[in-house]
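Peer 1: These are the residues of each chain, in order.
2 protein chains.
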Amino acid sequence: MELEFIKKLIIPAQTKIAMVILDGLGGLPLKPGGKTELETASTPNLDKLAVQSALGLTVPVGPGITPGSGPGHLAIFGYDPIRYEIGRGALEALGVDFELGADDVAARGNFCLLDSEGILLDRRAGRIPTVQASTLIEQLRGIKVEGVEFFIEPIKEHRFAFIMRAPGLEDTLSDSDPQRTGVPPLEIYATTSNSLRAAEFANRFIQQARNILAENASANMIMLRGFAQLPAIASYQELFKLTPAAIALNGMYRGVARLAGMEVLKVEGSSISDEFTTLEKNWNDFDFFYLHVKKTDTCGENGDFFGKVKAIEEVDELIPRLVALDPDVIIVSGDHSSPAVLKSHSWHPVPTLLYSKIVRPDGIPEFGERACLRGSLGIIPAKDVMPLALANAGRIAKYGA
Amino acid sequence: MELEFIKKLIIPAQTKIAMVILDGLGGLPLKPGGKTELETASTPNLDKLAVQSALGLTVPVGPGITPGSGPGHLAIFGYDPIRYEIGRGALEALGVDFELGADDVAARGNFCLLDSEGILLDRRAGRIPTVQASTLIEQLRGIKVEGVEFFIEPIKEHRFAFIMRAPGLEDTLSDSDPQRTGVPPLEIYATTSNSLRAAEFANRFIQQARNILAENASANMIMLRGFAQLPAIASYQELFKLTPAAIALNGMYRGVARLAGMEVLKVEGSSISDEFTTLEKNWNDFDFFYLHVKKTDTCGENGDFFGKVKAIEEVDELIPRLVALDPDVIIVSGDHSSPAVLKSHSWHPVPTLLYSKIVRPDGIPEFGERACLRGSLGIIPAKDVMPLALANAGRIAKYGA
Chain A
27 MELEFIKKLI IPAQTKIAMV ILDGLGGLPL KPGGKTELET ASTPNLDKLA VQSALGLTVP
87 VGPGITPGSG PGHLAIFGYD PIRYEIGRGA LEALGVDFEL GADDVAARGN FCLLDSEGIL
147 LDRRAGRIPT VQASTLIEQL RGIKVEGVEF FIEPIKEHRF AFIMRAPGLE DTLSDSDPQR
207 TGVPPLEIYA TTSNSLRAAE FANRFIQQAR NILAENASAN MIMLRGFAQL PAIASYQELF
267 KLTPAAIALN GMYRGVARLA GMEVLKVEGS SISDEFTTLE KNWNDFDFFY LHVKKTDTCG
327 ENGDFFGKVK AIEEVDELIP RLVALDPDVI IVSGDHSSPA VLKSHSWHPV PTLLYSKIVR
387 PDGIPEFGER ACLRGSLGII PAKDVMPLAL ANAGRIAKYG A
Chain B
27 MELEFIKKLI IPAQTKIAMV ILDGLGGLPL KPGGKTELET ASTPNLDKLA VQSALGLTVP
87 VGPGITPGSG PGHLAIFGYD PIRYEIGRGA LEALGVDFEL GADDVAARGN FCLLDSEGIL
147 LDRRAGRIPT VQASTLIEQL RGIKVEGVEF FIEPIKEHRF AFIMRAPGLE DTLSDSDPQR
207 TGVPPLEIYA TTSNSLRAAE FANRFIQQAR NILAENASAN MIMLRGFAQL PAIASYQELF
267 KLTPAAIALN GMYRGVARLA GMEVLKVEGS SISDEFTTLE KNWNDFDFFY LHVKKTDTCG
327 ENGDFFGKVK AIEEVDELIP RLVALDPDVI IVSGDHSSPA VLKSHSWHPV PTLLYSKIVR
387 PDGIPEFGER ACLRGSLGII PAKDVMPLAL ANAGRIAKYG A
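From first to last, the protein sequence lines stand for chains A and B.
First residue of the first sequence? That's 27 in the numbering used here, and the numbers climb one at a time after it.
First residue of the second sequence? That's 27 in the numbering used here, and the numbers climb one at a time after it.
Extracted from the complex, chain A is given alone in its bound form:
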């Protein structure tokens, strides 16, 4: 179902939707026959909510497809993650909370080391300390090229975000990183005629950077790759007539939320509880809330099964504070699975709970992968969750007479 189809049916309402995303929520048992992280966790509050909810499993992108955080979030936000892609460069810029505009072309930057012949010796410049990279970045900020504005933001060690801003720029550019040593960095070229100007700007930046860094012993060059603009997606205001807010501690999630038109709220502190406090404080001012929990994914990616269990339990203890706000619709889900046994994102469907006063309740007193399999949402594309949430919030008019 196309968003354009739903958009035509959207009606305003005085209802509130809260979407709690536990990053990488779905898991796997440590041993066959065992329980997943979510099934292992003691979640009395989620279980209580589950009884009155419709449960199911969401497939973020497609069967067998392991989503990155970008596509995983686009999907649970209701957008087709295959149609709309957030390129590497744009993701890096979002990740450092850079407010990327529609005309900006972003890339991932690396410091690197060349020999006297200009041949790549080290693609990561010995992973120079972040503080040292920041000093170099200060120097690069002096680079000026007429007709374009450059932004450079440190990320970690040798990595930085690079952004070019000028009207009409396009991102169809090749990488300068050859992905191996023993050869010189590549010139950047335009892969379509629309990005000739962008290619020239990027090459001129690199040339000046090379001059500035020439005397540096560990990082005498930079490389740029993954040039990308933001996909042009319609906002929640435009599509759904919602006034949406986002609560997330990490830049990338704030960035994807901003892309959907959400106002990113300031969180005082850095705990999950602080995020719920932000939710409470802002409850009256918005009608859609996205609250992102990172810890579940971090533990999953670290292979820390019981850390992930604990993170889930930490969220469960905060659920009564959400319920006390009396949202019309509550979604609890993830952007993808991150089973601790895999130490990575995975394609496995994601447990999903949809609560509302007018949902058809499954009466299943448990929130877990196998419990969700018995639920009435079925196994659905993640992008179908938002239309269901909107319907449960009384925000979709009848189609046809």
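Treat the hints with care, as some may be off.
No copy labels: a pair is met if it fits in one copy or bridges any two.
What the hints assert, rightly or not - Using 20 Å as the maximum straight-line C-alpha spacing, the simulated PhoX-like pairs for lysine-lysine come out as follows: (1) 307 <-> 61; (2) 57 <-> 336; (3) 33 <-> 424; (4) 34 <-> 424.
Treat the hints as calculated values from the structure; they're not laboratory data.
Guided by the hints, dock chain B onto chain A, whose structure is given.
Peer 2: Relative to chain A, chain B alone:
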């Protein structure tokens, strides 16, 4: 799956399919933890049939989309309800059993009241009694415009169906109803160049109507809105090589059935039992039967939970008469849900039963929302039911060698 794909695989057979549609069948419990209307109803005959059937839930249009009766029926008949739309005007005409042709453009008509300056005082002409409206309609039937034929059929009170018939007419026309009082009715204009002639015909009709009604104290004008032609859908004969018949008491359902090429059978009487009698009488002459039960939806929309329970039980008692005819395939489903607690149509998936001698039986001895959730049909688009029914009727050939 496209109908064109199925069409190529269709083979004739000596089998019969019976589709019983309980309008608005799906429901919700009165209280969380309770039973739905269908789960509450005592349905020994449906339960017995369920044991030998495949159960599932159908999604008429898409997740979160509440279908009107038009899209709900198109879907369960096998057509894509987003691709084929039945506009308001066409629905009104079908609703009064008008045999709308491909070139006909229909609209919903209202009597209304203007002041001496031509400003709208009452958009509904005080809801004049139907009998009085019928007298005025008799007068309007005298209106002649060269090159077009007009039809006007009373509906109820101030409402009537208006139809223009001429070769090549198109329905891209604006409304004359401004949707508010204090302004004059609008002229109808063509929204594409293909409907210039239709706009002229409609405006000339309205002008003559105004002259005829000028002296009437309560209804001195008419307004037209929702101009629509029937969507051009292929018939059951053409698509499925079926000889289909429809049994329905309300015009709209007869109309949609006619659109699919079904022969609409005359029902002696107006009870559900009378509909089953019609089925029995015509059993030998057709190989597909659509039998529509309205009462379930009426009770749902009226918020009458137990009335809906009773209507379901009334159908259940008649099921043995259907089974006695020994159909090869029986479908029991709805066109959408109409939970009494919502007093309206809704998006919730619809319980569906598919019986045949060669279905893989689920062995579930109950027909209800949660029983269907455990069934082997899964949660499927409503338009997938007909291909399954046809396969169970031995009417779809093997695809590929």
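Peer 1: All the hints need checking, so say for each whether the structure fits it.
Peer 2: Each hint tested on the structure:
With identical chains, the CA atoms of residue 307 and residue 61 are never at most 20 Å apart, being 36 Å at best within one copy and 38 Å at best between copies. When the C-alpha separation of residue 57 and residue 336 is checked against a cutoff of 20 Å, the pair qualifies only within one copy, where the shortest distance is 19 Å, while the shortest distance between copies is 34 Å. Within a single copy, residue 33 and residue 424 get their C-alpha atoms as close as 12 Å, which meets the 20 Å cut-off; across copies the closest is 31 Å, which misses it. For a Cα distance limit of 20 Å, the shortest separation of residue 34 from residue 424 inside one copy, 11 Å, qualifies, whereas the shortest one across copies, 34 Å, does not.
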